[in-house]
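2 protein chains.
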Amino acid sequence: MSELRQNPMTKEWVIMAADRAKRPNEFGHIHKKHERKVHDELCPFCPGNEHMTPPEVVRIPATEGEGWKLRIVPNKFPALSPECFPAWTIQRTLRSVKGSGAHEVIIESPDHSLCGALLPFENLITVLRTYRERFKQLSENPHIAHVTIFKNHGAGAGTSLEHPHSQVIASPVVSSPLRARFYEAMRHWDEFGECVFCQTLRDELDEDKRIVFNGHEFVAFEPFAARSPFLTHIFPRRHMASFGDVRDSELEELAGVLHNTLWKMHSGLNDPDFNYTIMTAPHHESGTRHYHWYLEIVPRLSEVAGFELGSGTFINTVLPEDAAEFLRKVKIAQTHFANEFAGVV
Amino acid sequence: MSELRQNPMTKEWVIMAADRAKRPNEFGHIHKKHERKVHDELCPFCPGNEHMTPPEVVRIPATEGEGWKLRIVPNKFPALSPECFPAWTIQRTLRSVKGSGAHEVIIESPDHSLCGALLPFENLITVLRTYRERFKQLSENPHIAHVTIFKNHGAGAGTSLEHPHSQVIASPVVSSPLRARFYEAMRHWDEFGECVFCQTLRDELDEDKRIVFNGHEFVAFEPFAARSPFLTHIFPRRHMASFGDVRDSELEELAGVLHNTLWKMHSGLNDPDFNYTIMTAPHHESGTRHYHWYLEIVPRLSEVAGFELGSGTFINTVLPEDAAEFLRKVKIAQTHFANEFAGVV
Numbered sequence: 002m003s004e005l006r007q008n009p010m011t012k013e014w015v016i017m018a019a020d021r022a023k024r025p026n027e028f029g030h031i032h033k034k035h036e037r038k039v040h041d042e043l044c045p046f047c048p049g050n051e052h053m054t055p056p057e058v059v060r061i062p063a064t065e066g067e068g069w070k071l072r073i074v075p076n077k078f079p080a081l082s083p084e085c086f087p088a089w090t091i092q093r094t095l096r097s098v099k100g101s102g103a104h105e106v107i108i109e110s111p112d113h114s115l116c117g118a119l120l121p122f123e124n125l126i127t128v129l130r131t132y133r134e135r136f137k138q139l140s141e142n143p144h145i146a147h148v149t150i151f152k153n154h155g156a157g158a159g160t161s162l163e164h165p166h167s168q169v170i171a172s173p174v175v176s177s178p179l180r181a182r183f184y185e186a187m188r189h190w191d192e193f194g195e196c197v198f199c200q201t202l203r204d205e206l207d208e209d210k211r212i213v214f215n216g217h218e219f220v221a222f223e224p225f226a227a228r229s230p231f232l233t234h235i236f237p238r239r240h241m242a243s244f245g246d247v248r249d250s251e252l253e254e255l256a257g258v259l260h261n262t263l264w265k266m267h268s269g270l271n272d273p274d275f276n277y278t279i280m281t282a283p284h285h286e287s288g289t290r291h292y293h294w295y296l297e298i299v300p301r302l303s304e305v306a307g308f309e310l311g312s313g314t315f316i317n318t319v320l321p322e323d324a325a326e327f328l329r330k331v332k333i334a335q336t337h338f339a340n341e342f343a344g345v346v
Numbered sequence: 002m003s004e005l006r007q008n009p010m011t012k013e014w015v016i017m018a019a020d021r022a023k024r025p026n027e028f029g030h031i032h033k034k035h036e037r038k039v040h041d042e043l044c045p046f047c048p049g050n051e052h053m054t055p056p057e058v059v060r061i062p063a064t065e066g067e068g069w070k071l072r073i074v075p076n077k078f079p080a081l082s083p084e085c086f087p088a089w090t091i092q093r094t095l096r097s098v099k100g101s102g103a104h105e106v107i108i109e110s111p112d113h114s115l116c117g118a119l120l121p122f123e124n125l126i127t128v129l130r131t132y133r134e135r136f137k138q139l140s141e142n143p144h145i146a147h148v149t150i151f152k153n154h155g156a157g158a159g160t161s162l163e164h165p166h167s168q169v170i171a172s173p174v175v176s177s178p179l180r181a182r183f184y185e186a187m188r189h190w191d192e193f194g195e196c197v198f199c200q201t202l203r204d205e206l207d208e209d210k211r212i213v214f215n216g217h218e219f220v221a222f223e224p225f226a227a228r229s230p231f232l233t234h235i236f237p238r239r240h241m242a243s244f245g246d247v248r249d250s251e252l253e254e255l256a257g258v259l260h261n262t263l264w265k266m267h268s269g270l271n272d273p274d275f276n277y278t279i280m281t282a283p284h285h286e287s288g289t290r291h292y293h294w295y296l297e298i299v300p301r302l303s304e305v306a307g308f309e310l311g312s313g314t315f316i317n318t319v320l321p322e323d324a325a326e327f328l329r330k331v332k333i334a335q336t337h338f339a340n341e342f343a344g345v346v
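Read top to bottom, the protein sequences are chains A and B. Mapped onto our numbering, the consecutive letters of the first sequence carry residue numbers 2 to 346. Mapped onto our numbering, the consecutive letters of the second sequence carry residue numbers 2 to 346.
Source of the hints: derived by calculation from the structure; they are not laboratory data. Be a bit skeptical, because a hint or two may be false.
In this list, chains with the same sequence are indistinguishable; a pair is considered to hold if it fits within one copy or across any two.
What the hints assert, rightly or not - Mimicking DMTMM-like on lysine to aspartate or glutamate, the simulated pairs with C-alpha atoms at most 20 Å apart in a straight line are:
hint: 1; residue 1: Lys330; residue 2: Asp272
hint: 2; residue 1: Lys99; residue 2: Glu322
hint: 3; residue 1: Lys99; residue 2: Asp323
hint: 4; residue 1: Lys99; residue 2: Glu4
hint: 5; residue 1: Lys77; residue 2: Glu4
hint: 6; residue 1: Lys70; residue 2: Asp41
hint: 7; residue 1: Lys70; residue 2: Glu51
hint: 8; residue 1: Lys70; residue 2: Glu57
hint: 9; residue 1: Lys77; residue 2: Glu42
hint: 10; residue 1: Lys77; residue 2: Glu163
Since this is a predicted model, take the numbers as computed values, not measurements.
Let's have the full structure, built from the sequences with the hints guiding it.
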């Protein structure tokens with residue numbers, strides 16, 4: 002018999018369809034492992050091809066020798082651009098705003114082959130620090146309402162570019178699904194006097210059925226009402242509304258937990274396409290007590306169909322309890338991980 | 002320069018990314034045309050294989066000879082089932098409900114090959130009448146909060162079964178994205194004293210840039226803030242909150258408009274995967290003045306990526322104005338359409 006579960010943070014309902022369930026190990030065959038080159042001469046993000054991107058906004062030089070460790074460049078076909086003012090036009094029911102904002106690409110490494118889970122721990126710390134700094138910089142613009150940092154890995158997750166990269170989009174508006182999250186969190190605070198994310202994390206730790214990593218500063222878990230197979234949340238234990246407030250010491254542990262989780266998905270689910278996104282309050286609302294930033298990873302193992310589009314209810318065929326148990330059991334290769342994870346796992 | 006547009010019915014923002022745009026005719030090559038058999042002996046929905054499905058709930062006999070024209074059967078792996086009571090469990094933040102409800106398959110024709118756009122007009126009238134009757138029947142159950150009727154066509158739209166079919170899911174809960182639509186519509190009524198859907202339809206007809214079909218009872222158009230390429234709405238002109246209130250005469254025109262629209266997508270976009278869904282108020286709220294049912298068609302021509310998942314903002318690379326112009330120009334084959342459409346086009 003199936004069960005409906007409600008996401009306490011969004012009030013979305015998810016049908017946990019146990020009778021339709023695949024076992025976690027049935028996902029392994031879906032994706033084929035790719036052999037990836039260290040350098041691809043046609044790739045616009047590879048060293049030597051810097052002229053193929055618009056002029057860089059940020060460059061972090063390599064620790065040794067010449068060259069770079071990380072670059073930020075404007076997207077060549079930006080969805081939003083800093084070159085215009087966000088003028089609003091309101092004609093009867095039709096509202097539009099000029100496409101003002103920013104759309105940037107973070108090239109995470111000069112090495113073309115280090116996509117997704119394979120990026121070394123040290124690079125990932127640099128990437129996360131860059132996320133935080135760029136998030137704060139773009140948030141200073143009074144025309145920017147929200148900054149989204151995300152990664153698309155694989156064609157099924159919306160990118161055909163292999164080279165390890167993430168993206169930042171700074172938008173002059175807040176869309177209703179995001180506003181609804183903030184509103185639900187505020188309403189929870191008004192009803193219970195507590196951040197719903199802090200309370201959810203405590204409930205997940207108490208139940209102890211869906212935890213993947215239980216760290217000092219961060220907890221990775223499969224949420225109770227995960228709307229798709231292996232959807233994973235990484236929550237900071239400390240209450241912070243804005244990702245911009247994360248500390249250096251916290252980012253180091255986050256890099257470890259994120260790296261481990263991506264590696265377990267890569268290895269256990271055979272390099273699935275995935276997205277991850279930093280879900281955060283806008284930095285100008287960093288003091289708020291009812292919102293709490295977190296990182297969401299969505300492996301793309303199922304299709305959204307007409308039911309989900311029409312009802313806003315999702316059907317998940319893998320119980321989060323089973324997904325968590327599966328991920329906990331995936332061994333972490335020594336070649337990819339050093340001893341710094343001993344304390345985290 | 003791109004433009005952000007707000008959906009007046011949901012307050013979702015969509016980035017119309019003109020600089021990233023594909024021309025409508027670039028979509029033609031994405032999908033390969035399939036040759037489909039009239040009968041597949043392995044298909045559980047083909048005549049002769051009735052034993053492969055659970056016992057049927059509804060059968061409409063063939064007009065001539067033996068056999069059937071349409072069947073409704075419970076889904077073999079139902080997401081929700083009528084065999085249990087929707088008991089709620091509330092433990093701290095964690096809410097769950099037993100998977101009570103219904104999940105049925107409407108087998109639209111005995112002919113395996115008539116998928117999607119190819120189903121004849123007469124069959125489509127029967128299918129739409131069946132939708133309406135089943136919607137009303139399932140809505141009578143006091144445990145049912147909402148009934149979703151939808152079609153998935155093609156693997157990219159969430160089904161691997163070729164045989165023409167749609168599905169019905171009757172759920173004991175309303176998920177927050179759906180509740181948010183009702184709330185926005187109510188708020189619009191409170192602010193303007195008018196149904197936002199009626200007003201949107203009038204604005205679309207006044208602008209006359211995104212109309213695909215302008216019928217006596219129904220209008221098909223590409224909405225101003227369409228969140229994906231060729232997303233199409235079919236609105237009834239007459240204000241009705243519930244799909245259950247549609248009249249026989251209206252259903253006949255709807256069948257024509259739906260058939261024409263699907264055929265134009267099939268022919269012009271080379272048989273794309275698609276979903277359609279009937280967006281409606283629950284039938285027990287059929288008297289409400291602020292909601293208005295409609296049919297939404299979503300060809301699956303783009304991927305949702307990390308930005309959409311994180312921000313609730315969509316990026317559409319085809320302007321709805323261009324999509325409407327493209328669809329208007331696709332010729333309708335004489336073999337598929339009789340003269341009854343002359344008045345509609």
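Status of each hint after checking the structure:
Taking the closest pair of Cα atoms, Lys330 and Asp272 come within 20 Å of each other only inside a single copy of the chain (17 Å); across copies the shortest separation is 43 Å, beyond that limit. Taking CA atoms no more than 20 Å apart as the test, Lys99 paired with Glu322 passes between copies only; the shortest distance there is 17 Å, against 45 Å inside one copy. In this assembly of identical chains, the alpha carbons of Lys99 and Asp323 lie at most 20 Å apart only when taken from different copies (19 Å versus 46 Å within one copy). In the homo-oligomer, the alpha carbons of Lys99 and Glu4 lie at most 20 Å apart only across protomers (5 Å), although the nearest pairing inside one protomer, at 44 Å, exceeds that limit.
In this assembly of identical chains, Lys77 and Glu4 lie within 20 Å of each other by CA distance solely across copies; the values are 17 Å between and 45 Å within a copy. For the homomeric pair Lys70 and Asp41, the shortest alpha-carbon distance inside one copy (17 Å) is at most 20 Å, but the shortest distance between copies (57 Å) is not. In this assembly of identical chains, Lys70 and Glu51 lie within 20 Å of each other by CA distance solely inside one copy; the values are 13 Å within and 63 Å between copies. Taking the shortest alpha-carbon separations for Lys70 and Glu57, only the intra-copy value of 13 Å comes in at or below 20 Å, while the best inter-copy value is 63 Å.
Taking identical chains as interchangeable, the C-alpha atoms of Lys77 and Glu42 lie at most 20 Å apart only when both belong to the same chain, with a minimum of 18 Å there against 51 Å between chains. With identical chains, the CA atoms of Lys77 and Glu163 are at most 20 Å apart within one copy only, with a shortest distance of 16 Å there and 40 Å across copies.
Violated hints for the displayed structure: none, as all numbered hints are satisfied.
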